[in-house]
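Those sequence lines, one after another, are chains H and L. In this text, residue positions in the first sequence follow full-length UniProt numbering: the first is 1, and each later residue adds one. In this text, residue positions in the second sequence follow full-length UniProt numbering: the first is 1, and each later residue adds one.
One should not assume that every hint holds.
Unchecked claim - Calculated lysine-lysine pairs in the BS3-like style (CA-CA distance at most 25 Å, straight line):
(1) L:K258 <-> H:K211
(2) L:K307 <-> L:K258
(3) L:K175 <-> L:K190
(4) L:K190 <-> L:K78
(5) L:K190 <-> H:K248
(6) H:K211 <-> H:K318
(7) H:K318 <-> L:K307
(8) H:K318 <-> L:K258
To be verified - Simulated coverage check for chain H against chain L, where a stretch passes if three residues somewhere in it have a Cβ under 8 Å from a Cβ of chain L:
(9) 177 to 186
(10) 237 to 247
Because the hints were derived from the structure by calculation, they are not lab data. Just so you know, these numbers come straight off a predicted model, no measurement behind them. Note that the Cβ used here is the ideal one computed from N, Cα and C, for glycine as well.
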Amino acid sequence: MPEPLTAPLVVEFPFTRSLGPVQSAFLTGLRERTVLGVRTTDGQVLVPPVEYDPRTAEEIRDLVEVAATGTVTTWAWNPAPRRGQPLRTPFAWALVRLDGADTALLHALDAPGPDAVRTGMRVRVRWALERTGAITDIACFEPHDDEATEPTERAATAHASSPGVFADPVTAVTTPARLDYTYSPGRAQTRYLTALAGRRTVGERCPACRKVYVPPRGACPTCGVATDEEVEVGPRGTVTTYCVVNIKAKGLDIEVPYVYAHIALDGADLALHGRIAGIPYDRVRMGLRVEPVWTEGARYPDHYRPADEPDADYDTYKELL
Amino acid sequence: MTREPVAVVGIGQTRHAAARRDVSIAGLVREAARRALDDAALTWSDIDAVVIGKAPDFFEGVMTPEHYLADALGAVGKPLLRVHTAGSVGGSTALVAADLVTARVHRTVLTLAFEKQSESNAMWGLSLPVPFQQPLLAGAGGFFAPHVRAYMRRTGAPDGVGSLVAYKDRRNALKNPYAHLHEHDITLEKVRSSPMLWDPIRYSETCPSSDGACAMVLTDRAGAARAPYPPAWLHGGAMRSEPTLFAGKDFVSPRAGKDCAADVYRQAGITDPRREIDAVEMYVPFSWYEPMWLENLGFAAEGEGWKLTEAGVTELDGDLPVNPSGGVLSTNPIGASGMLRFAEAALQVRGRAGEHQVADARKALGHAYGGGAQFFSMWLVAAEPPTT
Numbered sequence: 001m002p003e004p005l006t007a008p009l010v011v012e013f014p015f016t017r018s019l020g021p022v023q024s025a026f027l028t029g030l031r032e033r034t035v036l037g038v039r040t041t042d043g044q045v046l047v048p049p050v051e052y053d054p055r056t057a058e059e060i061r062d063l064v065e066v067a068a069t070g071t072v073t074t075w076a077w078n079p080a081p082r083r084g085q086p087l088r089t090p091f092a093w094a095l096v097r098l099d100g101a102d103t104a105l106l107h108a109l110d111a112p113g114p115d116a117v118r119t120g121m122r123v124r125v126r127w128a129l130e131r132t133g134a135i136t137d138i139a140c141f142e143p144h145d146d147e148a149t150e151p152t153e154r155a156a157t158a159h160a161s162s163p164g165v166f167a168d169p170v171t172a173v174t175t176p177a178r179l180d181y182t183y184s185p186g187r188a189q190t191r192y193l194t195a196l197a198g199r200r201t202v203g204e205r206c207p208a209c210r211k212v213y214v215p216p217r218g219a220c221p222t223c224g225v226a227t228d229e230e231v232e233v234g235p236r237g238t239v240t241t242y243c244v245v246n247i248k249a250k251g252l253d254i255e256v257p258y259v260y261a262h263i264a265l266d267g268a269d270l271a272l273h274g275r276i277a278g279i280p281y282d283r284v285r286m287g288l289r290v291e292p293v294w295t296e297g298a299r300y301p302d303h304y305r306p307a308d309e310p311d312a313d314y315d316t317y318k319e320l321l
Numbered sequence: 001m002t003r004e005p006v007a008v009v010g011i012g013q014t015r016h017a018a019a020r021r022d023v024s025i026a027g028l029v030r031e032a033a034r035r036a037l038d039d040a041a042l043t044w045s046d047i048d049a050v051v052i053g054k055a056p057d058f059f060e061g062v063m064t065p066e067h068y069l070a071d072a073l074g075a076v077g078k079p080l081l082r083v084h085t086a087g088s089v090g091g092s093t094a095l096v097a098a099d100l101v102t103a104r105v106h107r108t109v110l111t112l113a114f115e116k117q118s119e120s121n122a123m124w125g126l127s128l129p130v131p132f133q134q135p136l137l138a139g140a141g142g143f144f145a146p147h148v149r150a151y152m153r154r155t156g157a158p159d160g161v162g163s164l165v166a167y168k169d170r171r172n173a174l175k176n177p178y179a180h181l182h183e184h185d186i187t188l189e190k191v192r193s194s195p196m197l198w199d200p201i202r203y204s205e206t207c208p209s210s211d212g213a214c215a216m217v218l219t220d221r222a223g224a225a226r227a228p229y230p231p232a233w234l235h236g237g238a239m240r241s242e243p244t245l246f247a248g249k250d251f252v253s254p255r256a257g258k259d260c261a262a263d264v265y266r267q268a269g270i271t272d273p274r275r276e277i278d279a280v281e282m283y284v285p286f287s288w289y290e291p292m293w294l295e296n297l298g299f300a301a302e303g304e305g306w307k308l309t310e311a312g313v314t315e316l317d318g319d320l321p322v323n324p325s326g327g328v329l330s331t332n333p334i335g336a337s338g339m340l341r342f343a344e345a346a347l348q349v350r351g352r353a354g355e356h357q358v359a360d361a362r363k364a365l366g367h368a369y370g371g372g373a374q375f376f377s378m379w380l381v382a383a384e385p386p387t388t
């Protein structure tokens with residue numbers, strides 16, 4: 001039995017976010033080197049701000065500016081930063097309660113090593129040079145000595161009269177998300193793929209209901225028992241139903257219109273999907289008998305073409321619809 | 001111990017649109033929840049638990065968004081549950097919430113479903129490039145179009161039935177201020193001549209992609225007695241599942257759908273759904289699913305569903321109005337679409353459906369399905385409380 005196949009599967013999308021009024025103000029503020037919090041009904045200042053009071057559920061919109069300096073409330077050392085994290089060198093993940101805030105913000109703290117980090121230490125924002133209105137506008141936090149710093153160092157104070165009001169606010173951000181998997185199709189599919197490499201299609205028969213599954217999954221979903229009797233099916237089959245595709249599918253280099261069909265290979269008890277070619281699209285019909293067309297090096301048939309034989313009678317495939 | 005009767009006393013939905021860039025996800029769900037509370041004349045503190053549903057997380061890329069939404073939904077310090085059943089999730093979410101009241105676990109439950117499809121990519125999220133697998137050859141419509149063709153072959157339905165459904169639903173949507181599509185210049189001819197995307201499905205016979213949310217407040221008898229407007233009473237609710245693919249699967253009329261409907265009718269004492277049910281909100285993402293579901297849900301004999309559509313029976317002023325709200329064909333925030341069906345059924349029996357009110361609707365069915373026609377959820381609501 002061949003070892004099950006494996007391959008990397010990367011799922012990555014650039015999701016967009018509409019920010020709503022509070023996150024819009026917060027992120028636009030970061031662009032302008034200002035950190036905003038929101039005041040709750042009972043006077044607490046939450047940083048980062050939220051739209052709804054966690055205690056009363058009331059809508060809260062009272063934005064207030066807090067300092068760019070604060071205190072570490074707890075932390076964890078990250079000895080091996082991963083792709084996409086704020087710093088490339090080892091750093092501390094820290095919860096920082098900014099001066100004027102009642103809650104802490106999670107961010108990276110740049111420090112030479114874990115011995116240089118402690119709960120209660122004073123830190124300040126290190127602003128990114130290029131700021132776009134994103135949490136990464138705070139490049140990270142860095143240790144801060146209050147004694148050595150001029151109290152007027154903070155950048156933007158012009159907004160203090162109406163916090164959160166900015167020209168050209170950021171209203172949406174793009175947040176890429178990525179997941180890295182190692183995918184294995186399992187033993188049954190591996191057997192199927194190994195046979196396909198020799199241009200043979202194999203299914204597996206359920207010992208209970210006697211149905212032949214193509215592609216095999218190693219178990220019958222109806223009876224819940226293992227299927228291990230291998231059955232060769234096809235190569236010819238019957239078009240059970242189909243549609244004519246008139247819009248180009250993303251990432252597919254196929255001229256439209258084309259026919260996307262359900263094909264019951266001879267001996268299989270359910271249809272698989274394939275493209276029909278070698279016949280004008282408007283002459284494809286239910287019951288058409290077809291055979292696979294292979295191209296060099298391909299894992300699957302490129303398409304199916306009409307086989308030189310009469311159409312199948314509806315009664316022979318109507319149970320497979 | 002007997003079951004506690006469940007009443008729908010509050011219903012709210014957002015204005016649905018292709019993109020609600022004016023609100024965050026929190027702001028979107030809040031809009032629906034706030035309207036449901038207002039309808040019930042309740043406040044956040046009156047809610048004992050929150051049950052929320054949406055399509056898979058990768059649609060918007062927010063993992064377990066229910067946790068982040070606890071603030072917006074007043075759920076802090078209360079049970080907050082998430083339900084997952086693909087496109088049927090809006091329906092099953094409402095049923096899970098109803099069960100909590102039925103079983104007297106909670107007295108008043110807020111249930112909500114949403115999707116912000118403009119921030120997601122439903123097409124990509126459902127079509128991952130899985131190694132070793134044959135690439136998908138068509139989009140969502142391509143998945144369903146062959147089943148529509150199979151229905152037409154099986155029943156001999158004429159080509160134009162799908163266009164009739166789309167024309168009806170889009171006109172109904174004109175009477176629903178919350179609907180996404182308001183095609184004021186719609187004509188049957190425009191539907192019929194719209195581009196053929198996945199033959200036999202035309203562009204105008206497909207659902208839009210929407211941002212939106214729907215919320216309901218479910219409560220017990222005591223809660224219903226305090227409600228300012230007439231409640232809708234739950235008479236039956238059920239869910240059924242089956243695999244996407246198995247030998248013998250009937251894609252045209254899935255067994256799980258038939259069994260689910262039969263269970264609901266048995267609970268509600270319905271023996272002749274065609275005669276006893278006054279309005280239906282069913283999940284019709286492609287217009288041909290109306291006649292297909294009419295058969296699957298027992299409103300017509302096998303092969304006869306299209307005749308009801310063709311005869312105008314399912315029109316707003318017909319004998320069995322289907323999708324008076326405009327349906328999924330006019331509004332489709334995927335995760336919320338099932339709950340919108342359930343909520344619109346409840347609005348009908350409460351007499352609060354506004355311009356798309358079906359006259360004298362006393363019993364209505366809400367229906368949702370999802371995945372590869374593999375998850376089904378339905379409820380039957382009525383103007384009168386259940387007698388047993």
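Do the hints match the structure? See the list:
About 23 Å separates the Cα atoms of L:K258 and H:K211, which keeps this hinted pair within 25 Å; it holds. For the hint pairing L:K307 with L:K258, the CA-to-CA distance comes to about 19 Å; that is within 25 Å, so the pair holds. Between L:K175 and L:K190, the direct Cα distance comes to roughly 19 Å. Compliance with the 25 Å bound is thereby established for this hinted pair. Restraint check for L:K190 and L:K78: not satisfied, since their Cα atoms lie roughly 50 Å apart, outside the 25 Å limit.
For the suggested pair L:K190 and H:K248, the alpha carbons sit about 23 Å apart, so the restraint of at most 25 Å is met. As the CA atoms of H:K211 and H:K318 are separated by approximately 16 Å, the hinted pair is consistent with the 25 Å bound. For the hint linking H:K318 to L:K307, the alpha-carbon distance of about 22 Å falls within 25 Å, and the restraint holds. At roughly 19 Å between alpha-carbon atoms, H:K318 and L:K258 fall within 25 Å of each other, so this suggested pair holds.
With 3 residues having a Cβ less than 8 Å from any Cβ of chain L, the segment 177 to 186 of chain H passes the three-residue criterion, so the hint holds. As drawn, the segment 237 to 247 of chain H meets chain L at 8 residues by the rule of a beta-carbon pair under 8 Å; at three or more, the given contact holds.
Checked against the numbered hints given earlier, this structure breaks only hint 4.
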